[in-house]
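Undergrad: Take a look at the letters that make up each chain.
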Amino acid sequence: MTYLIEGETGDWEVVIGLEVHAQIVSKAKLFSGSATDFGAEPNTQVSLVDAAMPGMLPVVNEHCIEQAVRTGLGLKAKINLNSAFDRKNYFYADLPQGYQISQLYHPIVGEGKVTLDFKDGQTREIGIERLHIEQDAGKSLHDQDPKRTFVDLNRSGVGLMEIVSKPDMRSPEEAAAYVTKLRAILRYLGTCDGEMSEGSMRADVNVSVRKVGETGLRTRAEVKNVNSIRFLQQAIEHEAERQVEVYESGGQVVQETRLFDASTGETRPMRAKEHAHDYRYFPDPDLPPLELTEEYVAEIKKNLPELPDEKKKRFISEYGLSAYDAGVLVAEKENAEYFEAVAKGGGGKGRDAKLAANWVTANLFGALNAKDLSITESPVPAENLGSLIDLITGETISGRMAKEVFEEMMETGKAPGAIVEEKGLKQITDVSAIEAAIDEIIAGNLGQVEQFKSGNEKVIGWFVGQVMKATQGKANPQMVNELLRKKLAG
Amino acid sequence: MTSALNHLTIAEAGEGLAKGDFTSEELTAACLKAMDAQRQLNAFITETPELALKRAKASDTRRAKGQALGAMDGIPVAVKDLFCTEGVLTTAASHILDGFVPTYESTVSANLRDAGAVMLGKTNMDEFAMGSSNETSYYGPVLSPWKGKDGKDLAPGGSSGGSAAAVAARLCLGAAGTDTGGSIRQPASFCGVVGLKPTYGRCSRWGTVAFASSLDQAGPLTRTVLDAAIMLQAMAGHDPKDSTSAPLDAPDFSKAPGAGVKGLRVGIPKEYRVDGMAGEIEDLWKKGAQWLKQAGAEIIGVSLPHSKYALPAYYIVAPAEASANLARYDGVRYGLRVEGDSLDDMYMNTRGQGFGKEVRRRVLIGAYVLSAGFYDAYYAKAQKTRTLIARDFERAFESVDVLLTPTAPSAAFAIGEKMDDPIAMYLNDVFTVPASMAGLPGISVPAGLNGDGLPLGLQLIAKAFDEETLLSAAQALETAAGFEGKADAF
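As given, the protein sequences belong to chains A and B, one line each in that order.
Going left to right, the first sequence walks through residues 1 to 490 as the numbering used here numbers them.
Going left to right, the second sequence walks through residues 1 to 490 as the numbering used here numbers them.
Keep in mind that the hints were calculated from the coordinates and are not lab data.
Any given hint might turn out to be false.
Here are the computed lysine-lysine pairs in the BS3-like style, where the Cα-Cα straight-line distance is at most 27 Å [to be verified]: (1) LYS88(A) / LYS241(B); (2) LYS241(B) / LYS308(B); (3) LYS27(A) / LYS76(A); (4) LYS486(B) / LYS147(B); (5) LYS487(A) / LYS469(A); (6) LYS287(B) / LYS255(B); (7) LYS301(A) / LYS349(A); (8) LYS241(B) / LYS27(A); (9) LYS88(A) / LYS384(B); (10) LYS354(A) / LYS301(A); (11) LYS426(A) / LYS403(A); (12) LYS88(A) / LYS381(B); (13) LYS301(A) / LYS313(A); (14) LYS88(A) / LYS357(B); (15) LYS469(A) / LYS403(A).
Predicted model, so just to flag it, every value in this text is computed and none were measured.
Go ahead and model the full structure; you've got the sequences and the hints to work with.
TA: This is the structure in structure tokens:
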């Protein structure tokens, strides 16, 4: 996994830390009762508080606090029973209060960790520095009018969790794996929907480089506006290379905020130094400190769902899956649920878990990918895939036929039994029927029989093909094989 | 006879209304007539005669049906223009809120309205409650109904100057004010009326334009202590929309003034003296202690050693909070907008022209004390000082029940006298600020006249949420003082 940038003066490594903003799943905003639905008409989800009307006061939404605690527990982090809100002051048209309520001095969650799994079976632990709660700003719409900017306050006041990692990542791939894993954990917890395209999960990346062997950290640049995992990797690659070039041409990297431009794949300075913000943080006098009890945290912990790491372990031990298959299945909560529904179904008896894993990861994922569908949109519900597997293990259809049936299931959404019935695909397992077909082939092809008898074993394959053809592929291939050998030998 | 109805106290008017001696409409009309006659005082920014008569009639109708709401039903009051009032222009005496008509009613004014009180209009004040003379108002200074010996126009004090002047001039029976560092008590002292600042958290701040959130507290200005108790009853109470509102039911305050002071321990803090304080204030203070002693109280000398740091610490904390609270007045959503070539230009034009000099001064002080590199030296230190001040009071209240001090270090001064010396102006609050910093209730009771015939107040300070003791002691002072001072304006 070593990622090095070859420079003229030697090899450089890249040091990456991430600040992920995750929108809290909550019906109401962090400090007001307004709705938080994505895609609503501009300025239809705005209360007096969100618009910062004179005299309005924030009242904390307890559900958002619970979600943050839940997330902290999911990140195996320390929950701070005492935390507090601070005001971060700056002027912008889509920030009605003129400050953002955040948690600088006393965040609700302290240090934790996220474990990354790689394809080669290796794992790596990335440290979490802290998680704090804050309000989102509104949105400035610059493209509605040539001269004016419009402001949409629907997002103003929506609750966010800012999850800050330690500078533990050393390659764009690790950063991508971290965001992917973090997203999975949040989605398992139900605390963030992880929709990067809708902006409900956004990442700011801190990038610095250093010579291999150096232990200290060099100056970092913060890259903003990275809204997909692919862009995240691009941004890191570009930024690291830029910094190496700066050092190697005798310059110094300056601490600054840079903006990622998806159209060029490059980063550029976001604001000039004279505009550098002094946020003048101070405790928000409108909100008393947040005090949680041990019991409150314990109650949330008790009701925590099974998370990807635990689920993976269980899939390996309970279903005998390979670490790789288990990893692939647990990456998305819905995939894991789908797999378990298939594996556990079948009238309570359970099904061949490896076969189920295989069908889900190879056939189903492939087919869904080709159709650009998510698993929740799958035309084949878990129940139907399970029935298909039952048809295979019950020898009603062959594996080859099953593929054909599956294709039909993907196209029509019909149950496998119905398709088998309709197409008359039922496997022939009747000995006498298969024998009759074999006898006919043998009688008509005595030359090939001779060849077999003189020791050409390969010709058996030809006979199998002929029998399958004669039965329209419905004969049980194993039985055909056995009976043929018996007859040809006889 | 009707012409004198506006000279009644709230308690007297309540009796008269109950007995049917006159109607709320007659009472209200008397006040409106007095407001007309005294318009040169500039006590009101907005008069609402039609609304007042409508509410008065509604009160009379209720009463006729035997559904009178209580002691405030039908009582005409004035409301400081810091309280947002539904459908009625609300300005905070600032140019920047030009044309702002709220769609909502502040909790305190709604509580008054729901208790049947009749709002006569919105009183003038220092801009955003920043000032001690009511001269920083965009709508011009309020004149005290009292005149200097030489006939000079006097300042009514501030920032609730319009409310104090309106009560003193008998334009209303009571007025709602707000007190951040003395803004109820100091003008009450200057105008010879009672002014009560309740415990921080007793009255909701929801819908009141914020100056300094950790200090702002609404309270009544009235002619008698009993009236203050009656009016506070209607204003106070827990409000879930304000996270700093105390979750306590208000006790029956109206019983407190009659409770007497036998055995009450009254502390005299030795630090409440400043250089150049008039001897007659010192004498009145001693006289006050004497009165309480004669009424059965015990007088005990106490020390509040950190008192001298209260004013400087206040002028760090309050501007710091104000600098953030006033950030929302940015020309984007409501109030004044002065266009510019860019967003930053628009901000500068709007805020530069929309805020007066004193407001700009405090916003700048606040931004400065919170800025990087100065936070620890100023804001953090001021907060520590605040803790020490609160501890001083806690210690003192181990041995006494209430503290007696002068309200202000001087009587009213002439309009214009201190406007170019902000430090001299700030010193007006030197005796009121410590209780504000500690969140404690304080009341100013008119106790006598100085050599120039101008009123002087004495201040009582009680433990948090012990307004009842405060009112009992205040009543004893009021009774003993027998203050009959009448302003020149009527």
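Undergrad: Compare the structure with each hint and give your call.
TA: Results of checking the hints against the structure:
no., hint, verdict
1, LYS88(A) / LYS241(B), "holds, 22 Å"
2, LYS241(B) / LYS308(B), "violated, 35 Å"
3, LYS27(A) / LYS76(A), "holds, 26 Å"
4, LYS486(B) / LYS147(B), "holds, 11 Å"
5, LYS487(A) / LYS469(A), "holds, 18 Å"
6, LYS287(B) / LYS255(B), "holds, 26 Å"
7, LYS301(A) / LYS349(A), "violated, 32 Å"
8, LYS241(B) / LYS27(A), "holds, 19 Å"
9, LYS88(A) / LYS384(B), "holds, 21 Å"
10, LYS354(A) / LYS301(A), "violated, 32 Å"
11, LYS426(A) / LYS403(A), "holds, 14 Å"
12, LYS88(A) / LYS381(B), "holds, 20 Å"
13, LYS301(A) / LYS313(A), "holds, 19 Å"
14, LYS88(A) / LYS357(B), "holds, 25 Å"
15, LYS469(A) / LYS403(A), "holds, 18 Å"
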